[in-house]
Amino acid sequence: MNDISKSKGAWEPKIIAFLCNWCSYAGADLAGVSRYQYPPSIRIVRVPCSGRVSPNLILDALRSGADGVLVSGCHPGDCHYISGNYYARRRFALLKRFLEFVGVEPDRVNFTWISASEGEQFAQVATEVTERVRKLGPATHLLKEF
Amino acid sequence: MSTPKGSVLVVGGGIAGVQAALDLADSGFYVHLVEKSAAIGGSMSQLDKTFPTNDCSACILSPKLVECGRHLNINLLTLSEVLSVDGEEGDFQVRVRQNPRYVDPEKCIACGSCAEKCPKKVPNEFDMGLGKRKAIYLRYPQAVPLKYAIDPDHCIYLKKPGRCGFCEKVCPADAINFKDQPKEHLLNVGSVILALGFKPFDPSGLDFTGYGNLKNVVTSMEFERLLSPSGPCQGHMERPSDHQEPKKIAWLQCVGSRDINRACHGYCSSVCCMYAIKQAVIAREHSSSGAVDATVFYMDMRTHGKGFEAYYDRAREEGIKFHRARVHTVSPAENDNLKVRYAGENGDIREDEFDLVVLSVGLATDPQVIKLANDLGIELDSDSFARTTCLRPVETSRNGVFVCGALAEPKDIPQSVMEASAAALEAERILYPSRWTETKEKHFPKERDVHAEPPRIGVFVCSCGINIAGVVDVQAVTDYAWKLPGVVFAQNNLFTCSQDTINQMAETIKRERLNRVVVASCTPRTHEPLFQETLREAGINKYLFEMANIRDQDSWVHQRQPEAATEKAKDLVRMAVAKVRGDDPLPYNTVPVIKSAMVIGSGVAGLTAALSLADQGFPVTLVERKDRLGGHAHKFFRTWQGQEMQPYLSELVSMVEASDLIDVHLGTTVQDVSGSVGQFTSILTDGTEVKHGVAIVAVGAESFKPREGRWNYLYGKNPNVHTLLELDQRFIKDDPGLKGLNQAVFIHCVGSRVPERPYCSRVCCTHAIDQALHLKEMNPDMDIFMLYRDIRTYGKREHLYQEARAKGIIFIRYDLENLPRVSEENGSMVVKVRDPIIDASVTLHPDLLILASAVRPRDDVGGLSKLFKCAMTGDGFLLEAHMKLRPVDFATDGVYLAGLCHYPKPVEETIAQAKAAASRAGLVLSRDAVPAESITAVVNLQKCTGCAVCARVCAYHAVNMDENSGKAQVDTGLCKGCGACVAGCRSDAITLKNLGNEQIMAAVEAAMEDF
Amino acid sequence: MFYATLEGLRRFNIQHKFEFVSIISLYAQWIREGRLKVDSSWNREGLKFTVQDPCKLVRQGLGDVVAEDLRFVVKKVAGEENFVDVWPRLSNNYCCGGGGGALQAGFVENRRKYGKLKFDQLAATGADVVITPCHNCHSQVLDICDFYGGRWKTTHLWNWLANALVMDDSATGREG
Amino acid sequence: MSTVNEKITSEIREKVRELLASGHVAAFLGYTSGSVPMVMQPLIIRTPEDADRLEWNSFCVLNLANYLPALLKSFEPPRRPGDPPPEGPLPKVGVLATGCWSRNMVIQVQENQVDRDRVVVVGISSRGMVDRKKVLAAVGHRDVTAVYEYDHSLKVSGPGYEREINRWDVVRDNCRTCVHPDPVIFDHMIGDLKGERDVADRFRQVEDIEVLAPEDRWSWFSTEIASCIRCYACRNACPLCYCPTCFVDDSRPQWVGKSIDKADTAIFHILRAYHCAGRCTDCGSCESACPMGIKMRILTRKLQKDVLELYGAEAGMDMQSPPPLSTYKMDDPQDFILTESIKGEEK
Amino acid sequence: MQENNIDLEKIRAGVKKKIEQAVPEANINYCLTCGLCASGCPATGLDDMDPRKFLRMLVLGQDEEILNTDWIYACTMCQRCRYACPMGIDVGRIVYEIRGMRPREKRPKNLQRSCDLQRQNNSTGIPNEDFVWVVGDVLEEVRENEPEWKDLQAPIDKKGAKYYLNQNAKEPTVEPEEMVPLWKILHAADIDWTYSSEWWDGANYCLFTGDPGDWEYTVRKQAEVVDSLGCRYYINTE
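Residue numbers (my numbering), protein chains in the order written: chain A, 1125 to 1270; chain B, 4 to 1014; chain C, 36 to 211; chain D, 0 to 346; chain E, 1017 to 1254.
Okay, chain A solo, but in the shape it has when bound:
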């Protein structure tokens, strides 16, 4: 499947987005409610909190064939679970630097804060991330050859 999609001229990136239920997922809903349009490249996985997202899951997404990963949580201070995004912020900061260190392009793995009221921002982020990943082309480094 991947090869086919890659061989096509119109390659479209596929991006897995882990969104926290309370802010970013709601923000993504608001984008819809407000009809902000963005590219259909994002597949959203609803998680309770950005603090639920382990580096393993991010790597797994890349391994499974995602060209990009987006993890988004509540803004600092807004976490529905008090501090989940603070822990996540440390985990992600290290992971992002580390993945870049081993040669994963900086734009592959993205983290954002999007609140429940930021529908427009979500659409912007979805567009921005898609564009960044599109520029990089398909991700192959950590892709598992099944």
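No wet-lab data here; the hints were simulated from the structure.
Beta carbons: idealized from backbone N, C-alpha and C, even for Gly.
There could be a bad hint or two in this list.
To be verified - Here are some of the chain E residues that sit facing chain C, going by a computed Cβ distance under 10 Å:
#1 Ala1090
#2 Gly1116
#3 Pro1119
#4 Asn1126
Got chain A; can you put chains B, C, D and E on it based on the hints?
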């Protein structure tokens, strides 16, 4: 009074009535909900979208209606009217007549065969007569109850028995009953809540609007129906004359409002400015090209609610045009178009042509309601709204009878919902000794043990009218779902959340022995609970369920890429199926409730909330940061209706002080909060540890002091420059210095609606005008000038504006490009402002300059919001759980808000909101236990190393290390299911039930399979 | 001017025994009662008629009722299909610009500018005949038609009504 | 005149003999020499008599903390799940600890793998351990039959040659850049504390890679791990890796495949390193243990650098400080957050 | 455009107050400045004025401008503004009052003359005898020339007639034959009607000068005449 009755009559099944009914029924009272039409939902169900969130009205309302319709403790009486109410508070005898439905609701399966065959077409009142329905009909597709009814005025058979009768012949359920008779119910209730709503103003009498003569002039309510997917043109937005999509639309504001000449409605209808902007925004979205040219003609733009001004700003940025001009006459043009002539502020005459003109009609009381109110002995005011007062905002003239929603004054949905909860509170206050005496309990069937079964997954794909089906090929998605592993059933539904589909789903689960269910529709954030309950009713655990969000996150965001959206929908369904396969049945956990409350802040909101709870026997800890009770109200002179604040405040304070149940902590703030709904523990700065089941945040706001910068206007520099509250304090003191003044100038919007504080402070227009009137009373010869941007005396406050003008107070408009200039010349103040009408500079010489400065959020709200894990708006006010339907709840369970920390509001709204918060808090406090999280963390002891990362990162102290085994263990009562522990664990030894790594990975992998 | 008397009686509280009525109402009443018999068959060419609603009679006088009476009479006289209505109309119709003493006051340029709206409105109907049941309206409509180059004929109602009368013996007292 | 290491060895023997003789500890974990030059073996002794078998030199490269939990456990009575913990005080064990090993012990205590009360730490300030592979390289990979260690040089001999090498030249990279040679916890100290070492360019190795272009970094990384045979020696040598089921061995969920797929190998190394984030003391055991000579230490070193840069924390320096990934500050850096960086750009 | 500066030490607004005294329901203050009137008024823009601006100037006390503008004669007092004004403000009435505040000599000459003549009898000033003569003359002519109308009537001062008919002075003055169609219609309908030989004019320009005294006088005279004839209906012909 002897023991009161434990039941309440709610009259009117709109959003206010439904909310009041739900609040009461959920806190221990039996409710009779009387609705005159065949289904509940009221006006809100007719709306397409709601402002300022653009939520689909039916979508957000539907779960509440369904809940109401299914509630064990709500007796829904549709097609019914109240005949009489006798007796008194605590013990009313009510006669209700229920008109025949001619369809047996027990038997009707809402299959629609009857309506299909019915030969009689009649104008559909739900569509404002724009479309047709049959003589046997459903009020609307998501109607609750979802039962057909025969309209006796049009049914051929009922008019002439022997003729027609097709419905009876085709009904597969044998549900038609032509012999149905009116029934009279005698109800014995303790209290009555009137939520009779409004009727849109009928502009037929206003010939100059062209309504009734020019086909393409429609009312706003008609336009809602034209926009609505369930409306006469399936949401494709057609204009009446030729069914073409209008490309250029005008909205004319204040039709039937602020008009004492032709409409005889001097009040402002409060909601029309916002709904017009909303309609303009939505019309642009609806249009196939996205290029609707939208123009709003208005007098004052009244975007005074939370998030409204930003919505207005955005609409302007998006290119929606706003002309400050009332239009005399709409004229016909070629091709059934419409010509609108209007005057610029300087008198320039312009003319523009439109495809469609929408009249933003106001809200009025239905003449039938006026009659009912008279029959019930409820006083109405001169505008025919129920008479209430600022200090008793939901009380009618009859004891024990309360009012909420637009019946008391035109208002928007959140305000109606707030009042509904407040009215419920008033009833609870009377009836609390009889809580749980007349209620019934819900029993679900025993759940089937599905552990041993292989997955049998059912997939329900929703069209959501055209919300989804208009973009996504739902049939293709349904066909695709059939092919997924484990799927044994798939089906497409028009509205999956409609009651018939829900019932059908339950049947399907049983029939097909489904043990996992996926619904592909809107967002789980609103609809998951509804579908989960359906699973329970069908006898399987509610956690064997997933949703695929193919609307908010698909069809709505890829409107112009139907193919890609369809592929995405398939992916989302595949992901949900992959995820649901791993779902296990989970236990239904509960948390015992500490039956006491903490109220933070002792302004009018806090005092009211505390008293409202204490009155029902719940202990309250009242925490006040200052060293006296009362908050800002000490500085506040009177309500706009003229009730003086100080005596009222003293009374409140003394009642609180006298209450045995209220424990007051002055000079204290909250330092730390732990726990969650039912079981909070708070530490106060005075060292007290408070255990409480709920909390109400009512910390108020501040008045903006324009000491520096652009809005200074000599404030703090000239002793005769005051803010509104400072002038109030002089009024309270009856300052003799205010007598004999020659000229006063008020400047409105000082620090509001400006780039750094873009919201409207809502209260200042009314407050300033009331002050001007008071000054005028003291000094009849004085000249008073109000320099304003838009006068926002919404609702009945408009009368005050009118009175002010009548008394010669002069209003001069300014805008941000032409600010008033204030200077000091020879020790006296000089104000220069431009009058836009005569285009002249006006020089004023006030000896009193009043700045209607902004209400700004308090800086410490942020800290408090963090303590309670509540969100804040960009403006710095606290953010409720849902702007429309949960206006006093926080997203955090068991925490509520009231008063100015939510948004600037006048005292009547503060009182109503405080009572609403108390009512919502009562939902928890009235119970011994509340449901707790079921999706909790669980430890795999084989994998656990006991390293305690999980315990370290848990914000709820829900994970700790077992002393015996040294391994992690989870206190499910405390666990909120956030998963911080799961992500922190290197050993994969702790996971979330139904949200384990394996399941998430399955979803991720499924997403990638066929992308 | 209807209003001058109507409002004069009212405003100055002038006691009187008579009832103050409009000839237009009476025309309509008499036609409805059969006292006046009219026939539009004369209008074989299909001359299109429209009307001017005099402010003093309609908006300030008897309102939409009399304006509808006016249309009723015109339709009877000229044929239903030959009537073209204006917009705005009835009580909301524009003043012709000749009222209020404008024809006498002497500000001719202003009066004609004022009348431009009326001219455009009437021209838009494409009517051949504009019925002006008021003398001021008549003069002004005549003038603006002339000034702005209109092609219609400006007339009172009575000419057409008299012309369309169907005479029978009982009504006219005419012999044989 | 004896060498420093000889002196240390004799002091160790004396101290351990005393500890065992007094019954203060039931066993002692130290080092002894093996049959192969330059390979020291961890040794557990239980009697005072065996103390003389203990030795100390520059080849004690394996982190003794790695063996400590199992040793402690060996003195616990067998228990089934749910059994109460054994009553009464359990026997103590003694262990040698340099800077990094002691820091690992701190982490083991924080992570409940080691009961501090049952451990008697005999501290040694590390002079830096020698990298056998460097020695071999220095002698051109000829057979080495004997190595004699002076304080500042090594005399390496083999068939037909003998060579003296500057010791510091062949000290392991991790030790050369180590700033914490002193044990952070100890009950007895052999020799003196040396204090923090002043190291310029501590993270030079990491920085050299950081400056590369992404594709060059990937090329470096994939080349470096290309020879990995997934023997997990690195993991096994690491005192931080004690999960009963390592993620590489898990089948539910299966994070990585079991084969030598290059993506799987990459993910193994990434996750292995990441699991050490904020915990790794750069003891070098992993690299020392790798049969293929993969320099995986640089991966953990990178994380060490970032944890220090971002959160000012170094693993195991202090019993009271929580592990950096189990805590947070409100104002932790967040430039990497896209929405924040966009905001930043706008400003 | 010249900078217009209004200094408001104290608002006098004498004109507004005067109007308010005369017409308590004038509601000038109620104006919301919404511009509806301006958009519906054909006189908007004439003399750089419109109804809203006019009200605004009254409110802000621009009395001199108000009293001097000839816009009060551009406004036809048609009340179309009032018809739809949300506040029901009657600009026509206000204009009437202000017209009345103008000294007679400063009012438009012809307009004032029409009223003055009206006060004497009719707006064109033709003597009553002439009117009586013209009616008789025209009637005779019709009877003679049109045999089918030989019984046509045009009674004057017929006591007890059921209908009293007034007559715009224009016809007897300049186009007497224009009176005939109406006589015929009345005849065809078999109506018992009469003219009066006094106060017979159907127009009344005293309404437009702003002088209530003149207006009242003329209407009162008309009413007296009709009542003295004992007619049940007073038909106005326009």
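The hints, checked one at a time:
| no. | hint | in the structure |
| --- | --- | --- |
| 1 | Ala1090 | holds, 5 Å |
| 2 | Gly1116 | violated, 12 Å |
| 3 | Pro1119 | violated, 16 Å |
| 4 | Asn1126 | holds, 5 Å |
Of the numbered hints given earlier, the model fails hints 2, 3; all others are met.
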